[in-house]
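Here is how the chains run, residue by residue.
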Amino acid sequence: AQSVTQPDIHITVSEGASLELRCNYSYGATPYLFWYVQSPGQGLQLLLKYFSGDTLVQGIKGFEAEFKRSQSSFNLRKPSVHWSDAAEYFCAVGARETSGSRLTFGEGTQLTVNP
Amino acid sequence: EPEVTQTPSHQVTQMGQEVILRCVPISNHLYFYWYRQILGQKVEFLVSFYNNEISEKSEIFDDQFSVERPDGSNFTLKIRSTKLEDSAMYFCASSGQGANSPLHFGNGTRLTVT
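Protein sequence lines correspond, in order, to chains A and B.
Taking my numbering as reference, the numbering of the first sequence is continuous, increasing by one, and the terminal residue is 181.
Taking my numbering as reference, the numbering of the second sequence is continuous, increasing by one, and the terminal residue is 286.
Next up, chain A with everything else stripped away, as it sits in the complex (with noise of 0.2 Å):
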């Protein structure tokens, strides 16, 4: 079964700092990958994705994430934060196999930006 592992509960940032969300995942192949947005009352809106091909992968926002095969991990960067960063973000793992296949969500961090 998948599943997949975000360590921070909670992580503050001054605006203009970079960032990096850790997310690790367990999949029995290489998985398709992804990471999700979610701002207060909204709905869950996709950064990036990963299914295959160049391991770094840019997103909308500035958000960028790496695929570590070795260290089972797809880790959601960005060199500079905005104070609109400020939002919960949660990591996804999908299989392969078929079409139309569940997501498997992380716990979520929630990103604070600090002025």
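Warning: the hint list may mix true and false statements.
[What the hints assert, rightly or not] Here are the computed lysine-lysine pairs in the DSBU-like style, where the Cα-Cα straight-line distance is at most 30 Å:
1. B/214 - B/255
2. A/134 - B/255
3. B/214 - A/115
4. A/127 - B/214
Calculated directly from the structure, the hints in this document are not laboratory data.
With chain A fixed as given, assemble chain B onto it according to the hints.
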């Protein structure tokens, strides 16, 4: 950009009542899903739906839950007899063909059972 829409945004119901949560997926998508998020907890998969039938469901999706695509655009989740523990945010999602087609989520319906 096309989006998934959900109505209502917030629903309050009494324990034991039936509720129907409604969703309009992206029009050319083929796979439809319901997820839920109990306050403070992770997002959990409930069910996926394809070609007018359930393709996968979780252990959460018991007999009190059902899904339906009553017409060409709507996708509904019915909870037959609500319990207090059904209080959560319910997210509808849809995706296109192919296992690598990402899910697009709606803004959710907050269900409060009193």
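Earlier hints that do not hold, by number: As far as the earlier hints go, only 2 is violated by this structure.
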